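Chemist: In case you want the letters, here they are:
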Amino acid sequence: MENLERVVKAHPFAAELSPEHLSVVACCARNVRRSPGEFLFKEGAEAGRFYLVRKGRLALEVDVPGRGATQVESVGPGGVVGFSWLFPDHRWTLDARALETLIALEFDATCLLPKMEADPALGYALTKPLLNELYKRLNQVRLGRLDVYGQGRKDSVGGGT
Amino acid sequence: MSLPVLVSEGKHIEDPWLPAPTRVRRVWQELDDIVTLELEPPADFQFAAGQFNMLYAFGVGEIPVSISSDPATPERLLHTIRDVGAVSHALCSLAPGAELGLRGPYGSAWPLQDVHGRDVVVIAGGLGLAPLRPAIHGLLGQRERYGRVTLLVGARSPDDLLFPAELSAWNRGGALEVFVAVDHAPSGWGGIPDVPSHVGVVTQLLHEPGFRRGFDKQKSVALLCGPDVMFRFASRELDLLGVPRSAQYVSLERSMKCALGFCGHCQYGSLLVCRHGPVVPLSSVQRWQGVREL
Numbered sequence: 001m002e003n004l005e006r007v008v009k010a011h012p013f014a015a016e017l018s019p020e021h022l023s024v025v026a027c028c029a030r031n032v033r034r035s036p037g038e039f040l041f042k043e044g045a046e047a048g049r050f051y052l053v054r055k056g057r058l059a060l061e062v063d064v065p066g067r068g069a070t071q072v073e074s075v076g077p078g079g080v081v082g083f084s085w086l087f088p089d090h091r092w093t094l095d096a097r098a099l100e101t102l103i104a105l106e107f108d109a110t111c112l113l114p115k116m117e118a119d120p121a122l123g124y125a126l127t128k129p130l131l132n133e134l135y136k137r138l139n140q141v142r143l144g145r146l147d148v149y150g151q152g153r154k155d156s157v158g159g160g161t
Numbered sequence: 001m002s003l004p005v006l007v008s009e010g011k012h013i014e015d016p017w018l019p020a021p022t023r024v025r026r027v028w029q030e031l032d033d034i035v036t037l038e039l040e041p042p043a044d045f046q047f048a049a050g051q052f053n054m055l056y057a058f059g060v061g062e063i064p065v066s067i068s069s070d071p072a073t074p075e076r077l078l079h080t081i082r083d084v085g086a087v088s089h090a091l092c093s094l095a096p097g098a099e100l101g102l103r104g105p106y107g108s109a110w111p112l113q114d115v116h117g118r119d120v121v122v123i124a125g126g127l128g129l130a131p132l133r134p135a136i137h138g139l140l141g142q143r144e145r146y147g148r149v150t151l152l153v154g155a156r157s158p159d160d161l162l163f164p165a166e167l168s169a170w171n172r173g174g175a176l177e178v179f180v181a182v183d184h185a186p187s188g189w190g191g192i193p194d195v196p197s198h199v200g201v202v203t204q205l206l207h208e209p210g211f212r213r214g215f216d217k218q219k220s221v222a223l224l225c226g227p228d229v230m231f232r233f234a235s236r237e238l239d240l241l242g243v244p245r246s247a248q249y250v251s252l253e254r255s256m257k258c259a260l261g262f263c264g265h266c267q268y269g270s271l272l273v274c275r276h277g278p279v280v281p282l283s284s285v286q287r288w289q290g291v292r293e294l
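Chains as they are written, first to last, in our numbering: chain A, 1 to 161; chain B, 1 to 294.
Keep in mind that the hints were calculated from the coordinates and are not lab data.
A few of these clues could be false.
Said to hold, decoys possible - Restricting the straight-line Cα-Cα distance to at most 30 Å, the calculated cross-link-like pairs of lysine-lysine (DSSO-like) are:
| no. | chain 1 | residue 1 | chain 2 | residue 2 |
| --- | --- | --- | --- | --- |
| 1 | A | Lys-9 | B | Lys-257 |
| 2 | A | Lys-9 | A | Lys-136 |
| 3 | B | Lys-217 | A | Lys-55 |
| 4 | B | Lys-217 | A | Lys-136 |
| 5 | B | Lys-257 | A | Lys-55 |
In this text the structure is predicted, and so the values were computed from the model without any measurement.
Chain B on its own, in the form it takes in the complex (with noise of 0.2 Å):
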């Protein structure tokens, strides 16, 4: 199994170990422990659905954070990042006109390209629907390319959902097929608005009837994000419904600090997750799947 080509290392700087300077447009809290980050994108800045840049809070360090916005847009460069670390509150923290340093974009895409014509199944878990949501973008762009495309969401409950007046938005559109589950809810919690919501995990969400009806395990291309117990489980029930490990892409989960493949802080078996991820078919990365504390 060939590994996804890089495609870029931070082109838009000559020196890529040098962050380059940039502001905060705007804030705004998503959830309590989640925000968004509004960047002014440095000049020519591109990028493609699935990659990363490292943010730079001066004077406590620097981090991964993947791009959470539309990559057809990028002079509206997004950054959604829970407040989890020192760096991370220090971003969080950050007001419009703040300065921060940027590096990117790095990393592999998702493979929107690759998979014309087929099936897409995109299974997001918790903040893992942020580096997902530029590919989301990105197929509805060129919605005609694709076949049926669904998105499974789970969330620890309905005040821990990302984004859901999109969901509602995409679901509504009728491009996209919008699931949604959640670990537990208040008593009468009948779901978010014009979306099929269940109280449970979201593997549950893959036998559905109304995810069922139409599925295609023959034409079925899925992308996952979430915490890594989430997509062992859900990878495991897309192989019970006969989709192929090579057909489904997840975006890797690791500590970073070069980005450049240099430091190995990011190795992942033999790969670095930083060069060759972080999205990777699931083929390239099932033997180490098993092995404890990687």
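Chain A with its partners taken away, still in its complex shape (with noise of 0.2 Å):
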């Protein structure tokens, strides 16, 4: 469980963490490993996890009819991946897929969960870096949705036309 523990400081994600909640946090955390194409969970599937990736790439995707599967994101090492264990309906809401040999770790949700309804700083000390990663990925959602590279302006210089 140490090393474990040391896994988990050494992501970004949990360098604010004291070494009190660390250690709880750690007990609900275990190494996964995907090879590339092999998914890490699918659409509608009941969302009990969530996971910081190590090393490696994954996709996240949506499947539109008529285009097919549809890279909206992709995440890499020192990235966080699933949301949808902390809302109800709890199930997921696109599918996640290894592009390259992923190592990541998983938390098993219903394990943190209940740890961190009892215990409000352990609640806090999760959901504040939960939230900045949910504001980062937010913003990113508002640039990617201007489709800014989509036209430039007609017949003018610099600024990419």
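From these two lone chains plus the hints, build me the complex, please.
Modeler: Put into structure tokens, the structure is as follows:
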């Protein structure tokens, strides 16, 4: 368990966790490995876990009728994957597939959530980096929705048109 | 904050209003809507990275187009153009041997001489890579004069990435670290060969561990070119990383007509982008950045 604590601590997500919280969180973690093409989870399945990526890269994909699976985001080392465990109805809203050999820490929500609810300080310590990650991702999605590379100004210089 | 010095005003021609006739040597399609023209440069033509020419499609009109080739080889003059308006469409339709008019070069340059010893972060979005390519050639041509050089490139999709073969070659060469982000990609897209590639927005690349390793906010200078929204978001991220606005340079995008600072079409606040720009330190324009419809 001590080794796993060290591994969790090395991830940027856990940078500000206290040693006490770290040991509690590590109790709910395990190392997982996926080969290229393997799924971490699939859309619609029960979302009872979240992941901290240690090595490799994965794609978050949405199946679009007529277009097939489309990558909407990729996540690499240092990234966080999976927020659906926090929100009803606790179902994955997209697929997560390894693009290359992936090593991640998997956290079991059924283990973690009761501990977070029993100890508000732990709950806050974990919710804070999760909210930070969600805020970052929300801003990225907003920027992506603008489709900024779509069309430039007609016949102007610089700025990529 | 002093503004960049205007590098030249169409030195090669006596009358800066008069386009010099030139011809298209070669044409090739970069992307569905983007074409590169190789032109016969006027005699003694020299330019600095970041400058533009006014290109005249006879009978249609004249537009400013950034130069996308290496300033060290001015005899090979390239313009990379998106087919987005009447004049650019006419230019993109030119065949080898066709005649067009050229005035230039005009405008300010990327401050490559002023940033010796610094780390250089180049951020390009979409066709913004074209005006930055001369700067990249300049950095690589005198590589020993600079610290770490990184290039962050954003595009809509893998099919919209400009100069993908060069991106791979630059990263393979090791003198330049390249990172790519596309807004979306087909399933299983693993990136362009030999380049760390991501699905997401270009600003995300500033948080990639590969980029952040060795990043030094005190030493870094950023060169940005892309759609207005992109560089606003990118500069905000650079602010958060601690890169001062005086060390962030941007190529402004405005509609230009005369390129000589007379007509005022390209006015941005108190700047005339054709004379004071297109490359300016962000600190010189930040007060107008939040002003809508300026």
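Chemist: Run every hint past the structure and note whether it holds.
Modeler: Comparing the hints with the structure gives:
1. Lys-9/A - Lys-257/B: 58 Å, violated
2. Lys-9/A - Lys-136/A: 21 Å, holds
3. Lys-217/B - Lys-55/A: 26 Å, holds
4. Lys-217/B - Lys-136/A: 20 Å, holds
5. Lys-257/B - Lys-55/A: 52 Å, violated
Figure legend: structure checked against the earlier numbered hints; hints not met, in rising order: 1, 5.
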